[in-house]
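Sequences are here, hints too, so could you generate the full structure?
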Amino acid sequence: MTKNKSRPIALLAAGLLWASFAQAQESTNASGGDATGSGGTVAYSVGQVVYTSNTGSSGTVDQGVQHAYEIFTVGIKETALNISLTAFPNPTMDNLTLQISDYNNEKLSYQLFDMQGKQLSNGQIVAQQTQINMNSLPPATYFINVVNQKNKKVQSFKIIKN
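Here the sequence shown is numbered in the numbering used here, starting from 4 and rising by one per residue.
Honestly, the hints are just simulated from the structure, not real lab data.
These numbers come from a predicted model, not from an experiment.
Mixed in with the good hints, there may be bad ones.
20 Å max Cα-Cα, derived SDA-like pairs, lysine to any residue [said to hold, decoys possible]:
#1 K161 to Q122
#2 K153 to P92
#3 K121 to I86
#4 K164 to T144
#5 K164 to S139
#6 K110 to I128
#7 K156 to I128
Listed below in structure tokens is the structure:
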């Protein structure tokens with residue numbers, strides 16, 4: 004009695020053939036999530052290049068969400084300000100002082116932010132020393148950005164309120 008050896012070979016060949024056609028999506032993504040709206044839900048990932056677009060009556064969805072783009076900065080180089088900024092006392096309880104050495108009437112302002120990035124206050128800097136009232140703020144960590152008249156950040160400070 005001889006065994007039929009062709010059947011296991013055929014099964015092995017069919018399995019290898021099937022495995023070569025089987026594909027799974029695999030990618031390393033920077034981020035992703037689910038977006039839900041009145042028209043339905045879409046799962047998205049940042050990090051894939053678009054390869055298919057699906058269009059419907061309410062819009063278009065691209066499979067893979069990262070469209071390639073480049074950012075170029077075009078313009079003239081601005082000269083840096085020759086000033087020295089300090090913020091004290093840090094940690095503070097009531098008032099914070101911004102001190103500018105070599106102040107030359109440059110139009111500067113400050114912006115006070117909480118840890119979530121919400122702007123709490125702002126004001127103009129019109130002298131070598133500017134007082135920022137922090138009495139009404141709860142104890143936490145804050146950020147103060149000193150910006151020029153073009154709203155470009157000159158310097159940033161991390162401030163702790165006790």
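Open item on the list: Given the hinted pair K156 and I128, is their Cα-Cα distance within 20 Å?
Closed with: Roughly 14 Å between the alpha carbons, so the hint for K156 and I128 holds.
TODO: Assess, step by step, whether the Cα of K164 is no farther than 20 Å from the Cα of T144, and give holds or violated.
DONE: 6 Å, holds
TODO: Please work out if K153 and P92 have their alpha carbons no farther apart than 20 Å.
DONE: 28 Å, violated
Task: Agreement of K110 and I128 with the hint, judged by alpha carbon distance not exceeding 20 Å - done: Status holds; Cα separation ~7 Å.
Open item on the list: Does S139 sit within 20 Å of K164, going by the straight-line distance between their CA atoms?
Closed with: It holds: about 11 Å lies between the C-alpha atoms, which stays within 20 Å.
Task: Given pair status - Q122, K161, alpha carbons within 20 Å - done: Answer holds: K161 to Q122 is near 14 Å, not above 20 Å.
Open item on the list: Hinted pair, alpha-carbon criterion (20 Å max): K121, I86. Please report holds or violated.
Closed with: 27 Å, violated
Hints 2 and 3, counting from the list given before, are not met by this structure.
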